[in-house]
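Letter by letter, the chains look like this.
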Amino acid sequence: MLTLSAKQNIPLGLMRPERVRSFRVTTDAELPAVLRENAALLLPVDWASIPKGFGVVLVRPDSPFASDHQCGALLIDPSLLYLGDGDVIRLTPDLHIRVVYRRNASTNSLLVTERCNSLCLMCSQPPRDVDDSHLVDELLDAIPLFDPGTREVGITGGEPTLLGARLFDLVRSLKSNLPHTGVHILSNGRNFKQLSLAQALAALHHPDLMIGIPLYSDIASLHDYVVQADGAFDETVRGILNLKRCGVRVEVRVVVHAATYARLPALARFIARNLQFVDQVALMGLEMTGFTKANLSELWIDPVDYQAELADAVHTLHAARVKALIYNHQLCLLDPEIRRFAVRSISDWKNEYMPECDGCDLRQECGGFFSSAKLKYSAHIKPQRRRDDALAGGLASIESFT
Amino acid sequence: MALAKRFSAVETFRAVEMAGYRLLPLRFTALDQERYVISNMVGEYLVVKRDQLNDLIHHRVPQGSDLYDEFKSRHFIRDADSDVALDLLALKYRTKLARVSQFTSLHMFVVTLRCDYTCAYCQVSRQTEDRSAYDMSDDTAAAAVEMTFRSPAPAIKIEFQGGEPLLAFDRIKSVVEMAEARNVQEKRNLQFVIASNLSLISDEILDYCDRHGIYLSTSLDGPSSLHDRNRPKPGKNGYELTIRGIKRIQDRLGRDRVSALMTTTERSLPYVKEIIDEYVRLGFRSIFLRPLSPYGFAVTTGQVDKYDAERWLSFYREGLSYILELNKHGYSIRETYAAIILRKMLTPQNPGYVDLQSPTGLGISAIVYNYDGAVYASDESRMLAEMGDQSFRLGRLGVNSYEEMMLSTTLLDALEAGVAEGAPLCSECAFVPYCGADPVYHHATQRDMMGNKALSGYCARNMAIFRHLIALMEDSLADKAILLRWAFDC
Ligand code: SF4
Ligand code: SF4
Numbered sequence: 001m002l003t004l005s006a007k008q009n010i011p012l013g014l015m016r017p018e019r020v021r022s023f024r025v026t027t028d029a030e031l032p033a034v035l036r037e038n039a040a041l042l043l044p045v046d047w048a049s050i051p052k053g054f055g056v057v058l059v060r061p062d063s064p065f066a067s068d069h070q071c072g073a074l075l076i077d078p079s080l081l082y083l084g085d086g087d088v089i090r091l092t093p094d095l096h097i098r099v100v101y102r103r104n105a106s107t108n109s110l111l112v113t114e115r116c117n118s119l120c121l122m123c124s125q126p127p128r129d130v131d132d133s134h135l136v137d138e139l140l141d142a143i144p145l146f147d148p149g150t151r152e153v154g155i156t157g158g159e160p161t162l163l164g165a166r167l168f169d170l171v172r173s174l175k176s177n178l179p180h181t182g183v184h185i186l187s188n189g190r191n192f193k194q195l196s197l198a199q200a201l202a203a204l205h206h207p208d209l210m211i212g213i214p215l216y217s218d219i220a221s222l223h224d225y226v227v228q229a230d231g232a233f234d235e236t237v238r239g240i241l242n243l244k245r246c247g248v249r250v251e252v253r254v255v256v257h258a259a260t261y262a263r264l265p266a267l268a269r270f271i272a273r274n275l276q277f278v279d280q281v282a283l284m285g286l287e288m289t290g291f292t293k294a295n296l297s298e299l300w301i302d303p304v305d306y307q308a309e310l311a312d313a314v315h316t317l318h319a320a321r322v323k324a325l326i327y328n329h330q331l332c333l334l335d336p337e338i339r340r341f342a343v344r345s346i347s348d349w350k351n352e353y354m355p356e357c358d359g360c361d362l363r364q365e366c367g368g369f370f371s372s373a374k375l376k377y378s379a380h381i382k383p384q385r386r387r388d389d390a391l392a393g394g395l396a397s398i399e400s401f402t
Numbered sequence: 403m404a405l406a407k408r409f410s411a412v413e414t415f416r417a418v419e420m421a422g423y424r425l426l427p428l429r430f431t432a433l434d435q436e437r438y439v440i441s442n443m444v445g446e447y448l449v450v451k452r453d454q455l456n457d458l459i460h461h462r463v464p465q466g467s468d469l470y471d472e473f474k475s476r477h478f479i480r481d482a483d484s485d486v487a488l489d490l491l492a493l494k495y496r497t498k499l500a501r502v503s504q505f506t507s508l509h510m511f512v513v514t515l516r517c518d519y520t521c522a523y524c525q526v527s528r529q530t531e532d533r534s535a536y537d538m539s540d541d542t543a544a545a546a547v548e549m550t551f552r553s554p555a556p557a558i559k560i561e562f563q564g565g566e567p568l569l570a571f572d573r574i575k576s577v578v579e580m581a582e583a584r585n586v587q588e589k590r591n592l593q594f595v596i597a598s599n600l601s602l603i604s605d606e607i608l609d610y611c612d613r614h615g616i617y618l619s620t621s622l623d624g625p626s627s628l629h630d631r632n633r634p635k636p637g638k639n640g641y642e643l644t645i646r647g648i649k650r651i652q653d654r655l656g657r658d659r660v661s662a663l664m665t666t667t668e669r670s671l672p673y674v675k676e677i678i679d680e681y682v683r684l685g686f687r688s689i690f691l692r693p694l695s696p697y698g699f700a701v702t703t704g705q706v707d708k709y710d711a712e713r714w715l716s717f718y719r720e721g722l723s724y725i726l727e728l729n730k731h732g733y734s735i736r737e738t739y740a741a742i743i744l745r746k747m748l749t750p751q752n753p754g755y756v757d758l759q760s761p762t763g764l765g766i767s768a769i770v771y772n773y774d775g776a777v778y779a780s781d782e783s784r785m786l787a788e789m790g791d792q793s794f795r796l797g798r799l800g801v802n803s804y805e806e807m808m809l810s811t812t813l814l815d816a817l818e819a820g821v822a823e824g825a826p827l828c829s830e831c832a833f834v835p836y837c838g839a840d841p842v843y844h845h846a847t848q849r850d851m852m853g854n855k856a857l858s859g860y861c862a863r864n865m866a867i868f869r870h871l872i873a874l875m876e877d878s879l880a881d882k883a884i885l886l887r888w889a890f891d892c
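Chains as they are written, first to last, in our numbering: chain A, 1 to 402; chain B, 403 to 892.
Chain A with its partners taken away, still in its complex shape (with noise of 0.2 Å):
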């Protein structure tokens, strides 16, 4: 797993910002001048100077400037030595350094506040109550310092309509500067109640932006019990309805554990009936991160437990031509049937394999485990193998070791 934070970076005679500033990486010691100023250089190695004009020069503890204590650079956390070029840091006046875009990450999330108006049974981010607005500048400054060529931005929080207009000043500079890259919203949808709201971001027409807003149950008050707030399944209903009239994507959400598994079948028929317009359904596993933790009693059930609720949510949603997609679940534990629904989608920092895993053929295509999943994870795992006759036929058939 990455560490996308680090604090353990020593100045060895650098002066220290005055605010926060956001800096792409670059190996590249005879950038032109011209380019320096947001540039910060990861020293080569072999590198004898210290180049003038980069905005940060950073240092590997393998460097020998590692110990050269007014050479000027910042020596960086042990953690960190993943970066590479392209990526964007933060570097704030007392020298932590975030990492913000990692150029090679399939999708980079930019966390916009952590402030929410919800408190989710399951939060991966629990919510602080402080004023982050500093975050949304940061990124603006950011923003423009990312490859053109990047596929996907998400955009997360907390609950990112709490910026209001902030956010779409994010995705204003999004469409401007990454004029090519997709766009994925988080929100619980609550406050696109307003049309207004719904219509602002309409009005952006960004030409790939998908909104992704969770929907646990189809009773009102079993959604409000998940996301601890009463009132909220009309609200983000309503949200989800004012989207779609504006023409906005909409992804509907959906975490599967155990307040959520019994309803699924009947949360699809909802889905199909009153909702058909949506443009795809997540059907997601577990996070063991945040809240999830702290209820982890409440909330744990082994996926092979809940896979006839899963096939048949995923079977009624495909029959009325609604995207079907299921994230975060290991491939062995899933219904053979519905296995051609799972997309590979724990973000590459976060993902990895268990002890029970060797020797599985699955291991492309299997999302693996979010590195947390140490914590709690299904009994049930098992290494898989492609029969030979299902692959000459092209077919994903697949059948157990044992």
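Errors might be hidden in some of the hints.
[Unchecked claim] Now the in silico label distances, taken between C-beta atoms and shown as ranges:
| hint | chain 1 | residue 1 | chain 2 | residue 2 | range |
| --- | --- | --- | --- | --- | --- |
| 1 | A | Pro383 | B | Ala482 | 49 to 55 Å |
| 2 | A | Ser176 | B | Ala500 | 52 to 58 Å |
| 3 | B | Asp453 | A | Ala379 | 41 to 47 Å |
| 4 | B | Ala482 | A | Pro93 | 39 to 45 Å |
| 5 | B | Ala500 | A | Pro17 | 27 to 33 Å |
[Unchecked claim] Distance condition first, Cα-Cα at most 27 Å in a straight line; then the derived DSSO-like pairs of lysine-lysine:
| hint | chain 1 | residue 1 | chain 2 | residue 2 |
| --- | --- | --- | --- | --- |
| 6 | A | Lys244 | B | Lys882 |
| 7 | B | Lys649 | B | Lys575 |
| 8 | B | Lys675 | B | Lys498 |
| 9 | B | Lys649 | B | Lys675 |
| 10 | B | Lys589 | B | Lys559 |
| 11 | B | Lys407 | A | Lys376 |
| 12 | B | Lys882 | A | Lys323 |
| 13 | B | Lys589 | B | Lys575 |
| 14 | A | Lys293 | A | Lys175 |
| 15 | A | Lys175 | A | Lys193 |
| 16 | A | Lys374 | B | Lys575 |
| 17 | A | Lys323 | B | Lys730 |
| 18 | A | Lys376 | A | Lys193 |
| 19 | B | Lys675 | B | Lys730 |
| 20 | B | Lys498 | A | Lys193 |
| 21 | B | Lys498 | A | Lys244 |
| 22 | A | Lys244 | A | Lys7 |
| 23 | A | Lys323 | B | Lys498 |
| 24 | A | Lys293 | B | Lys407 |
Simulated from the structure, these hints should not be mistaken for lab results. Every residue, glycine too, gets a C-beta built ideally from N, C-alpha and C.
We have chain A; now place chain B with the ligands onto it with these hints.
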């Protein structure tokens, strides 16, 4: 087992439901001896036992029970916890009725009455060489195209009928080209279909259909023994010609470009399997087991008509069960009538099928321009007229204006009688969201456009099919999976 301190238990959020629930508009009808079907105003349904129905209506369903949640999820009840059900119902209701606001989309052009067949049940065709008397004139064709585009419908389908329309292929060409020229400005989604016995199909015609994206639809009543007896053709090779025509179109234009319809006659009733086999052999993925036509033999007495409904129903049930069996053995084929009804039952959409519409589709969903310039509210209206009953004749092209015809008392009276939700018996029937009104049928059989549904073959037949489909889905998961697919496929 407990939540961390900051969180509240599920009971906290369900407490508000304790205050009781209110019923949303719903209807119920017995499914069989023990069970009832409850449906809401947009056709979502649930099958329950009699005591469960009683509990529902007397506000005794225990809050938090599975049944409570099922009722709530399907918008049969609402409680203080949530009122978004009203928004969703409104949206679903609007979706179901969207068709009405789009107005007339199917425009049937009877380009000639001449025919090379002598079908027993056909009241309209003529065996003649006299073109001038039975072909649509230039002026009539131009006026019909003009009237077609008066409809605001975003999708317009022009269907050529006869007689045998290919006998007047030049007329078809001129209508196609007039409509296409007009559509450069209009920008509608314009589609053409020719309903033909295919005996006259030629390379020239196929090329033309290919160039203009024209679909073909034909009649295939079953194996040759049945088809040729139903549809006698001088020369006795009607079946051969139809099959050859279907294959030619499938090869030349693609499988999706030709469809077949069957007419059910007395003679068909013992042969449902053989009829279906015929369709499977031709590679068709759907078959429409159509009801016996009442126009002709059974028109005069309502009682005969009800008796016929029973016999037709056993034909239909047997056919449907055979079709389901074919599906279970890996050949996907659907029965179109069931698919239309299932779409109403299981999806938010409402297929525009004229016989099952409320408000009726007469004139406002489909309309017929006859060769002689007469305008009829439906194909059946025209057949009735050929038998001397002009009750659904809206006017004449070139004589009456669009407004005169669409606002004629003839049409308005029919439309008024054509709202099932307001008809005796129907207004309380749980199946009304799936059903229609069919004023022409009830006029033909009962001399009353609304009709007494207790005596109606239309009601008997449809109610039996609704019950049958719902029971199949309740009682067999395998059937349910297949039927669910049909609902979304059609
Ligand atoms: S055993 Fe294979 S399929 Fe199962 S979790 Fe491990 S890699 Fe995935
Ligand atoms: S015609 Fe019969 S089945 Fe149809 S709605 Fe009326 S009563 Fe019900």
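Hint by hint, here is what the structure shows:
no. : hint                               : result
1   : Pro383(A) to Ala482(B): 49 to 55 Å : holds, 52 Å
2   : Ser176(A) to Ala500(B): 52 to 58 Å : violated, 38 Å
3   : Asp453(B) to Ala379(A): 41 to 47 Å : holds, 42 Å
4   : Ala482(B) to Pro93(A): 39 to 45 Å  : violated, 52 Å
5   : Ala500(B) to Pro17(A): 27 to 33 Å  : violated, 59 Å
6   : Lys244(A) to Lys882(B)             : violated, 30 Å
7   : Lys649(B) to Lys575(B)             : holds, 23 Å
8   : Lys675(B) to Lys498(B)             : violated, 34 Å
9   : Lys649(B) to Lys675(B)             : holds, 21 Å
10  : Lys589(B) to Lys559(B)             : holds, 13 Å
11  : Lys407(B) to Lys376(A)             : holds, 21 Å
12  : Lys882(B) to Lys323(A)             : holds, 21 Å
13  : Lys589(B) to Lys575(B)             : holds, 20 Å
14  : Lys293(A) to Lys175(A)             : violated, 37 Å
15  : Lys175(A) to Lys193(A)             : holds, 24 Å
16  : Lys374(A) to Lys575(B)             : violated, 72 Å
17  : Lys323(A) to Lys730(B)             : holds, 25 Å
18  : Lys376(A) to Lys193(A)             : violated, 37 Å
19  : Lys675(B) to Lys730(B)             : holds, 16 Å
20  : Lys498(B) to Lys193(A)             : holds, 24 Å
21  : Lys498(B) to Lys244(A)             : holds, 18 Å
22  : Lys244(A) to Lys7(A)               : violated, 43 Å
23  : Lys323(A) to Lys498(B)             : holds, 22 Å
24  : Lys293(A) to Lys407(B)             : holds, 13 Å
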